[in-house]
Amino acid sequence: MQSNAQLEYDYSVVKLFTFATILFGIIGMLVGVIIAFQLAFPELSNLAGEYGTFGRLRPLHTNGVAFGFTLSGIFATWYYVGQRTLKMSLKESKFLMTVAKLHFWLYFITILLAVVTLIMGYTTSKEYAELEWPLDLLIVVWWVLWGVAMFGMIGMRRERAIYVSVWYYMSSFLAVAMLFLFNNMEVPTMFWANGAPSSAMHSISMYAGTNDALVQWWYGHNAVAFVFTTPIIGMIYYFLPKESGQNVFSYKLSVLAFWGLMFVYLWAGGHHLIYSTVPDWMQTMGSAMSIVLILPSWGSAINMLLTMKGEWGQLQTSPLIKFMIMASTFYMLSTIEGPIQAIKSVNAIAHFTDWIPGHVHDGTLGWVGFMIMASLFHMAPRIFKKEIYSKSLMETQFWIQTVGIVLYFTSMWIAGITQGMMWRAYDEYGSLLYSFIDTVTVLHPYYTLRGIGGLFYLTGFLIFAYNMFKTATSGRVLDKEPANASPMAS
Amino acid sequence: MDQETLMTIAGYGKFFILLFVFIIFYGYAFSIYKRQKTGEKDFEKYSDLVLNDSIDATPLEKRDNSKEK
Amino acid sequence: MFHWLEQRPFFFAVMLFLTVAFAGFIEIIPDFAKASQPTVGTKPHTVLELAGRQVYIKDSCNACHSQLIRPFKSETDRYGMYSLSGEYAYDRPFLWGSKRTGPDLHRVGNYRTTEWHENHMMSPSDVVPGSIMPKYPHMFKNTADVATAYANANTQKQVFGVPYDKEGMPKLGSWEDAKAQALEDAKKVAADMKNQSVKDAVANGQVPEIVALIAYLNSLK
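These protein sequences, in sequence, are chains F, C and B. Per our numbering, the first sequence starts with residue 54, numbered consecutively. Per our numbering, the second sequence starts with residue 1014, numbered consecutively. Per our numbering, the third sequence starts with residue -2, numbered consecutively.
Note that these hints are calculated values from the structure, not bench results. All C-beta atoms, glycine included, are put in the ideal place defined by N, C-alpha and C. Incorrect hints may appear among the rest.
[Unchecked claim] Here are the simulated lysine to aspartate or glutamate pairs, EDC-like style, with alpha carbons at most 16 Å apart: (1) K305(F) <-> D1055(C); (2) K144(F) <-> D1069(C); (3) K154(B) <-> E239(F); (4) K305(F) <-> E1053(C).
[What the hints assert, rightly or not] Chain C stretches covered by chain F per the calculated footprint, using a threshold of three residues with CB under 8 Å from any CB of chain F: (5) 1039 to 1049; (6) 1063 to 1073.
One chain only, chain F, in its complex shape (with noise of 0.2 Å):
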């Protein structure tokens, strides 16, 4: 394959990737909202039957947010960053891009039936791997989708050397095949019903028990790793870099701290289960693998700030850089939080409680969010050719999820706490002081307080809809592909 002049990258797998982003970011974030509500003001709950409990819509808001708008996020990214650093494009293979559009179009079809199927109840109760056993072998198919795009990607690939952001995207692809197929481990009970008339629908575990509950943190904790984290360290190697016209601060630091991180994270999984019934040793190395994990995601982190040295003005003149660097700051401040929580005595105060959620969100919405939003503006001048509408309303937009965020973790930090320490508090007697409804009630301010800094960051995400949709619409059209800073209309 000679390189010709006429051969461009091809953006429309993007395109359609941006979109699910977009949607599933909103119906994910929306559930979220109003769930958040619902337990400042239980009555919310009720309004739509057995299908807006709190417990319907809670499956629905975490698949929503994390294999919605991520996963599409990284799919989207994945086939921009991948053609760009690989120096390949998906119109020299009629094969790779037939299996990406398929890819888009199962993976579109198995959300649109996940949002459905949890409303309806069908679920296996373990988290993040709700969706019943149909859905799981749809996953498996377009997952392998993905896996022959990306390797056959890299099979055309004319640079010789693999950036590492690709690792990245590799390893989440492998990792969480291995760990999706492990977890969902299930048999439908349909084939030994013994003739009666049972749910097609249902399955149950291959494992019982503590055992299962081991598979699942062990899935429940890595899932996160592999999509919330190394996927978007993926995203940040690449486009904060691009965006900024600087090197990255050191190459070999970034290449320790990925094959750090890969030993690393997966020996934390044990900290989800800290005081309950699995081994002691488990539970002990949990807790100090979560702590040595500072090293590795710090290490990315502090790489991403330094790779600003000498730049910061950029900071205060792009808005696209601030969202970067306030993931970065949020990848910190939530890869410095979770050891603390899986130190075993802050476990026992702060398992169970909404200082968990509370941790989650600083990760999810501050680093993830911030970063696939900032990532997809990138894109957007260079796959619509367009200008950005506007610069203004990503000003606004920071802002006001910034703010959204510090609410819900402040709010959280001090629930969690609070209803942590309270079920522990004994009067002088010797009783426990509190009843259990006491540790409820006591948290309605903070509840309310959180569900308004979730509005918050809809709000902020309904903005940058409104931008993006502006942007492929409307926006200057350009002559010429930007090299570094995206140009954006004030």
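Dock chains C and B against the given chain F, drawing on the hints supplied.
Showing chains C and B alone in chain F's frame:
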């Protein structure tokens, strides 16, 4: 073999594997910094994969399609 | 060595996979055999209880309620004896939960009655002022899926060797036997309930979700 011995073996196994990985990892870290310093190999140039990524740009290390897989 | 690897995607992927995977194998495998031994006295769920467990899962009760009592005095004082691994030997899937928006339920059968649950599920805030739990009136109307519960139990028996139909263990038998047994169990629960439409439904051979759910909650001890 009872549970106890199994766990002990697993414990020792784990310790030595960790030690092994630890040595490899730090050995690798040492080697890339050394190679950078002696000029044997420049790792920092790979940043250009991002900054110079248009499809008609000259590849940093051109791939010889006939040789490797 | 690594540099060689980094330009060969296939071997790179293999190496990457091994690095990522082996922690899991070391962590999980040695313990697998041990944890699955049931504690003395632990019995598999009856078909009616399983139907209730499916309702519990369907409405994601585990999103807000844990079933795991940690070994702290503040927890054993509040919820009872701390949880043992073997007590979960027949739980597929496990329902430990990860968040206590509401209280732990692992031993709720020890201190709540059928009547309490009936009133509470209909309108939690009337029973516990200030409660933020949703109301579940639909459970009084929907019919529990006993057939799937039977398939569930039979799968456990056939595929995983769960000791149904053994001496001192719950009986399963054929679908007709199991159905009759579940209905009989349901009648016992309904006898303690006040809601007339639920009682009528059970008398007519139907099992409303609420009856199955209460049977399950009462079995948590």
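Right, here's what the structure says about each hint:
Of the pairs offered as hints, the one joining K305(F) and D1055(C) holds, with about 10 Å between alpha carbons and a cut-off of 16 Å not exceeded. Proposed proximity of K144(F) and D1069(C) is supported: the alpha carbons are some 14 Å apart, at most 16 Å. In summary, the hint linking K154(B) to E239(F) is supported, as the alpha carbons are separated by about 15 Å, within the 16 Å threshold. Distance restraint check for K305(F) and E1053(C): the Cα-Cα separation of roughly 14 Å lies within the 16 Å cut-off, and the hinted pair is therefore satisfied.
Chain F is given as covering the stretch 1039 to 1049 of chain C, and this holds because 5 residues of the stretch bring a CB closer than 8 Å to a CB of that chain, at least three being needed. Only residues whose C-beta sits within less than 8 Å of a C-beta in chain F count toward coverage, and the stretch 1063 to 1073 of chain C has 9 of them, enough to reach three; the restraint holds.
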